[in-house]
Amino acid sequence: MTTQNPPILAIQGLHKRFGDLEVLKGIDLSVAEGEVVGLIGPSGSGKSTLLRCINHLEQPTLGRIQFRDTVIQESDRNINAVRTKIGMVFQRFNLFPHLTALQNIMLAPCKVSGVPEATAKKEALALLEQVKLAEKADSFPAQLSGGQQQRVAIARALALKPEVLLFDEPTSALDPELVGEVLEVMRDLAKRGSTMLIATHEMGFCKEAAGRVLFLDGGVIVEQGTPQQVLESPTEPRTRAFLSRVLNR
Amino acid sequence: MLFALLCLLPIAAPVRSFAQNSGDALDQVRARKKLIIATDATYPPFEYKDGGKLMGFDVDLGNEIAKRLGVKAEWLPLEWTAVLGSLEAHKADLILSGMTITEERKKKGYTFSRPYFLSGQSIVRRNDDNSINGLNDLKQKTVSVQDETTGMYAVQKIGVPANHIMKFDQLPEALTDVRNHKSDAAVADMPALKRLVRMSFGDMQIVGGIVKDEYVGAAARKGETRLAQAINEALAQIMTDGTYASIYKKWIQEPATTRMLGKLDAMRDQGSVTVKDTEEILSNAPTESAALNTGKAPGVSIRWNLLWNARKLLLEGAKVTLIVTFFTLIFGAVAGLLIALARLSAPPPIRALMVFYVEIVRGTPLLMQIYAIYFVLPAFGLSFDNPIKAGIAALTLNAAAYIAEIFRAGIQSIDVGQMEAARALGLDYRGAMRWVILPQTLRRVLPPLTNEAVALLKDSSLVSVISVTELMRVGKEVAANTAAPTTLYLGVGAIYLAMTLPLTSLVRKLEKTWQTDAGTGARPTRRQKGA
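Protein chains in written order, with numbering that gives the first Met the number 0: chain Y, 0 to 248; chain A, 0 to 530.
Just so you know, the hints here were simulated from the structure itself, not pulled from any lab data.
Here the structure is a predicted model, which is why all the values come from computation and not from measurement.
Possibly wrong hints are sitting among the right ones.
Computed list of chain Y residues with no C-beta within reach of chain A, every gap over 10 Å [as the list claims (entries may be wrong)]: (1) N4; (2) A9; (3) L28; (4) G33; (5) Q58; (6) T83; (7) A107; (8) P115; (9) A125; (10) L127; (11) G192; (12) G217; (13) I220; (14) S232; (15) A240.
Using C-beta positions, here's what the derived DEER-type ranges look like [unchecked claim]: (16) A:Y428 <-> Y:E116: 22 to 32 Å; (17) A:S344 <-> Y:Q11: 27 to 37 Å; (18) Y:R191 <-> A:V415: 25 to 35 Å; (19) Y:R63 <-> A:S344: 24 to 34 Å; (20) A:A408 <-> Y:G12: 35 to 45 Å; (21) A:A497 <-> Y:E116: 21 to 31 Å; (22) Y:S243 <-> A:R361: 54 to 64 Å; (23) A:V415 <-> Y:K121: 51 to 61 Å; (24) Y:Q65 <-> A:R361: 42 to 52 Å; (25) Y:L20 <-> A:V415: 33 to 43 Å; (26) A:S382 <-> Y:K121: 53 to 63 Å; (27) A:E510 <-> Y:G12: 51 to 61 Å.
Backbone N, C-alpha and C define an ideal beta-carbon position, used for all residues, glycine too.
Using the sequences and the hints given, assemble the complete structure.
Below is the structure:
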């Protein structure tokens, strides 16, 4: 949790307000390279908003977000460059339905980074291999199961070789029997040393794969620490209440 | 409504100043060596089309007049109401269209030549209806007329209430209305009526003879007295050297009588310009008046042979309809897409402008837009050298607004997650539109776009009013020539159907395909939670 290296991501005093509703009320967070951070908390606690602010899908109302040496700003050039370094996986996959799995993965390398098509294709096939979907390269999203779609979406997020990966409840839209295959891919990524921020309700996965767990409630970080500290012996009553609700479901 | 009027205000003002600055028509005619004559080619025997060729009394006369002015005649066939507007819009120099000289028309700003034809209004009724034998019998009846003709004025004058006057674009339609017992009688020019009864309305007869003498003249634009004077001189020559008599014999199929020619000469000052030198126009014309010839004609039925004989013309018209529809669709789709994108992402002032444009187009009749393009835009120096282009332009302006709405709805129907995923990958807004949103939109809008194409194909018939000889116009012309509107309109309808049916079945097919591969990529299952 404490590290000598400068953080890859540093967030200070982040506020986000939607009209009258303040969703984030001052978040400070720094993430070290190679760290896997689990974000837990009730619905509406601000987990997704926090992730979406990091790559500016939502404009922060207040606060500062720094990615390595770059302060993430409004300007389009800045934000597009930063976004290629920060991959994002959505709850509802958001694959492009008019493109095959392979084409979904190749789009950003070809159109954003200008990678030659042959190279992009080779790398995309390797990524499909990594998520164990090599045989589905030419399938359209509608022909894939939810779990397969989410694995393609992860491969798509990896295509630009990002330095940070954001997962916004990646298994919440899946049937229970399909959750495992997605978590397996994510576990593999964690082992490879990827820096990941994961908003999730999968406590078991957090315990096993995360180096640090943050409990968010009401737009603030209520408690944070190792998975053992937060999940097994939480000090805050709100954390305890949440965990007992989730675990006794 | 106020909105639309405000928008038309700046358009209306410059038109007048343009007309005033235009100079002398006679000099223009001589400079370009062309006399442009507007006519409604659906009014036999004065002017009509046979086998696609414009002909008739006025056409021969107009060509002779041009010859004597030392220029060539160029004919501009339009709908009658458009003919009336063609001078002020500087589309034509002269109207030769069986146009009766009246004080009202003079007041409206037409400069008439001396009369060149003695005509008169007559009444036609069904053979079996003995209750109508003269003008006074019409007061309690329903009377059909051709819109904006002296026949209509005559009926109005004897006090037939407005809701008992049925107005039609063309005379055969007015007579068909009588045949169908919707009206009791029709009032129109005697020569035209005679021809129609002879050709296909044998179940009707002309009663009461000529109700009122009428003098037909050529009309020039307001203030163009020099042109009118030159036309008068040409007419005087034509009427004295025997040319007139032979044209008359050819088209009216009677000799021009001395009595008639005498009347025409006596009324030489009937036009807007006083005839200075009196020429003797009484030639060696026979004095006998030929009897009315109301021969037998076929009854009420579809005349298939007419359709068969006109097949080449009709198919030619259908081709023009397809060409107009095709180009309108292409241009309209491109413009519509740009408008839709501007409405979604351009700066607010441009966005507002696009909304304004779409609302204007959707809130006004297409017919008005077509007239505006054809008659108003030339005042700004924006003119089309050929009516097909003007028609495509007008239809495109219209279709673009509707297609823009289709695209806008299509783009907005794409899940926001698609834009977010594209942006999260580092694509800019343009790239996301180009590679992610629009390809999906295109699939979704294909069925409504095809529907628009069907609507467009049918709406393209409206450009017939600005003389585009598309299918509807050809149908009208052949109907006028053969005096068989029922047959022709049924035939034209069948051809339209033959063109639209494949399109509508295509829509159905597209909708089916779309339903089967409509995966949005996200199949949310039990738990859907946002944070």
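Hints versus structure:
1. Every CB of chain A lies more than 10 Å from the CB of N4 (chain Y), the least distance being 25 Å, so the non-interface label holds.
2. Listed as a non-interface residue, A9 (chain Y) keeps its Cβ farther than 10 Å from every Cβ of chain A; the least gap is roughly 20 Å.
3. Its beta-carbon lying about 16 Å from the closest one in chain A, L28 (chain Y) satisfies the requirement of being farther than 10 Å from that chain.
4. Against chain A, the non-interface label of G33 (chain Y) holds: every CB pair exceeds 10 Å, the least being about 22 Å.
5. Even its closest Cβ contact with chain A, about 13 Å, leaves Q58 (chain Y) beyond 10 Å, as expected for a residue assigned away from the interface.
6. Under the 10 Å C-beta cut-off, the non-interface status given to T83 (chain Y) relative to chain A is violated; the minimum distance is some 4 Å.
7. The beta carbon of A107 (chain Y) is not kept farther than 10 Å from every beta carbon of chain A, the shortest such distance being approximately 4 Å.
8. With 10 Å as the threshold on Cβ separation, the claim that P115 (chain Y) sits away from chain A holds: the shortest Cβ distance comes to roughly 17 Å.
9. With a cut of 10 Å on Cβ distances, A125 (chain Y) stays outside the contact zone with chain A, its closest approach being about 18 Å.
10. At roughly 17 Å from the closest C-beta of chain A, the C-beta of L127 (chain Y) stays outside 10 Å, upholding its exclusion from the interface.
11. For G192 (chain Y), the shortest C-beta to C-beta distance to chain A comes to about 22 Å, beyond the 10 Å cut-off, and the non-interface label holds.
12. Distance check for G217 (chain Y) against chain A: the nearest CB is about 12 Å away, which clears 10 Å, and the non-interface claim stands.
13. Separation of I220 (chain Y) from chain A is adequate, the least Cβ-Cβ distance of about 14 Å exceeding the 10 Å criterion.
14. Every beta carbon of chain A lies more than 10 Å from that of S232 (chain Y), the smallest distance being close to 25 Å; the non-interface claim holds.
15. For A240 (chain Y), the shortest C-beta to C-beta distance to chain A comes to about 18 Å, beyond the 10 Å cut-off, and the non-interface label holds.
16. The beta-carbon spacing between Y428 (chain A) and E116 (chain Y), approximately 24 Å, falls within the hinted interval of 22 to 32 Å.
17. Our hint of 27 to 37 Å for S344 (chain A) and Q11 (chain Y) holds, since their Cβ atoms are close to 32 Å apart.
18. At roughly 32 Å, the beta-carbon separation of R191 (chain Y) and V415 (chain A) lies within the given 25 to 35 Å, and the hint holds.
19. Taken as a hint, the range 24 to 34 Å holds for the pair R63 (chain Y) and S344 (chain A), whose Cβ atoms sit roughly 29 Å apart.
20. One distance hint, 35 to 45 Å for the beta-carbon pair A408 (chain A) and G12 (chain Y), holds here, with the actual separation near 41 Å.
21. Look at A497 (chain A) against E116 (chain Y): about 46 Å separates their beta carbons, and that is not inside 21 to 31 Å.
22. Evaluation of the 54 to 64 Å hint for S243 (chain Y) and R361 (chain A) yields a pass: the beta carbon distance comes to about 59 Å.
23. Distance hint check: the CB atoms of V415 (chain A) and K121 (chain Y) are about 32 Å apart, inconsistent with the given range 51 to 61 Å.
24. The hint said 42 to 52 Å for the Cβ distance between Q65 (chain Y) and R361 (chain A), and at roughly 50 Å that hint holds.
25. Distance hint for L20 (chain Y) and V415 (chain A): a CB-CB separation of about 19 Å, inconsistent with the stated range 33 to 43 Å.
26. Remark: the range hint 53 to 63 Å for S382 (chain A) to K121 (chain Y) is upheld by a beta-carbon distance near 59 Å.
27. Separated by about 52 Å at the C-beta atoms, E510 (chain A) and G12 (chain Y) satisfy the suggested range of 51 to 61 Å.
Figure legend: structure checked against the earlier numbered hints; hints not met, in rising order: 6, 7, 21, 23 and 25.
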